[in-house]
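Visitor: With the hints as a guide, bring the two chains together.
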Amino acid sequence: DGGITQSPKYLFRKEGQNVTLSCEQNLNHDAMYWYRQDPGQGLRLIYYSQIVNDFQKGDIAEGYSVSREKKESFPLTVTSAQKNPTAFYLCASSVGWGDTSQETQYFGPGTRLLVL
Amino acid sequence: QQQVKQSPQSLIVQKGGIPIINCAYENTAFDYFPWYQQFPGKGPALLIAIRPDVSEKKEGRFTISFNKSAKQFSLHIMDSQPGDSATYFCAASETPDKLIFGTGTRLQVFP
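Chains as they are written, first to last, in our numbering: chain S, 1 to 116; chain G, 1001 to 1111.
One chain only, chain G, in its complex shape (with noise of 0.2 Å):
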């Protein structure tokens, strides 16, 4: 079965830390690993993404980190803010139609 396992399931940082969520994948045919971010009572939002022919992307204060031995990629934010406090997914996709996504981590980061 296709799955997408995330972790951690929560995370507590103080400002101005660089929380990693890591997440894990099987399917070797999986092109396409996007992030998005949700706050309580709304729908996800787009954060990054990435495909397995780079090995890192950054945008902002997000980077992403793609090891594709491994089947691994891993989210990262520098220099956290309060206002990313949120709920991150990460997720995978061997077709357009068809989003794999992980279990979510819930993200606070204290003043």
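One chain only, chain S, in its complex shape (with noise of 0.2 Å):
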């Protein structure tokens, strides 16, 4: 059965606190995506990996950090820098690029963080 797959589905954040959004993937690809998700807001990029042990920051990167050690993982932290972390959180991946057939995203069934 291959899909993403990110845990935990709901996530309390205390003040001052780290926390790590899970994500893995057992499609393959060579890209993943990070979004967040905002009521009546489109879906923001925070943060992209192209290739295992690379990432690039996207739209609204700050108070975020990610790694990729691994092609199937790219965990998502969200740091006490962030202000205003509640949010429901995205993660995506696909094949590559280089060929504009493998443009389309695949999405995870989200987490979504509160903070207490």
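Worth flagging that the hints you see were computed from the coordinates, not collected in a lab. Quantities reported herein were computed from a predicted structural model and do not represent experimental measurements. Backbone N, C-alpha and C fix where the C-beta goes; we use that ideal spot for every residue, glycine too. Honestly, I wouldn't trust all of these hints.
[To be verified] Per the computed footprint, the stretches of chain S lying under chain G, defined by three or more beta-carbons under 8 Å from a beta-carbon of chain G, are: (1) 41 to 55; (2) 104 to 111.
[What the hints assert, rightly or not] Pairwise CB distance ranges (calculated): (3) Pro1111/G to Thr79/S: 39 to 49 Å; (4) Ser1007/G to Ala61/S: 37 to 47 Å; (5) Asp1053/G to Ser67/S: 15 to 25 Å; (6) Thr5/S to Arg1061/G: 23 to 33 Å; (7) Ser1069/G to Ser7/S: 39 to 49 Å; (8) Gln17/S to Ser1069/G: 43 to 53 Å; (9) Lys14/S to Pro1040/G: 25 to 35 Å; (10) Gln1014/G to Ala61/S: 41 to 51 Å.
Guide: Take a look at the structure:
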């Protein structure tokens, strides 16, 4: 059963605490992405990774960090520097690029982060 | 700034109606225009996509119309069903690594 898994489904963060959201894919995709979704807004790109051990900032990277040590995993850490972390976080992956037929991004089920 | 403007924000139709969602873009270098469907609490799923070399694409009850000169594209849902009730996002990209999403349209189809 191939796809993208995200865990946990719900996550609660206390003030000043760092939390890490998990994203795993078994699609053998090279590219992975993290988006943030707020009510009434589109998806905004936080970070993306084209290949293992490499990643780039998206439009709203401040207060977030990522790592890409394995092809199938792209965890996102929401740091205490992110002052408004409450949102729905979506991980996605795609085959890669260099070929426009590989652009389709497949999304995981999301993690809802709430601040206590 | 690269943007994709989507309208309306919400849409209510009766079963069998044809909801139409519109998107407009500014960057003429965009060459890939997907539509995503998202149910509450779930991740978006690719519904249909189009490239600027065609003016229309159909997949089942879903049709994308594309107007390159006006820099607009739209999604039509034929014979809409209550199960189509979801949020729909248009998007556009110039490079495969960076989709620019619209703000979404919440569609409700009543029986």
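Visitor: The structure should be examined with respect to each hint, and the outcome stated for every one.
Guide: Hint check:
no. : hint                             : verdict
1   : 41 to 55                         : holds (count 7)
2   : 104 to 111                       : holds (count 7)
3   : Pro1111/G to Thr79/S: 39 to 49 Å : holds (47 Å)
4   : Ser1007/G to Ala61/S: 37 to 47 Å : violated (29 Å)
5   : Asp1053/G to Ser67/S: 15 to 25 Å : violated (39 Å)
6   : Thr5/S to Arg1061/G: 23 to 33 Å  : holds (30 Å)
7   : Ser1069/G to Ser7/S: 39 to 49 Å  : holds (46 Å)
8   : Gln17/S to Ser1069/G: 43 to 53 Å : holds (52 Å)
9   : Lys14/S to Pro1040/G: 25 to 35 Å : holds (27 Å)
10  : Gln1014/G to Ala61/S: 41 to 51 Å : holds (44 Å)
The structure fails to meet hints 4 and 5 from the earlier list, while all remaining hints are met.
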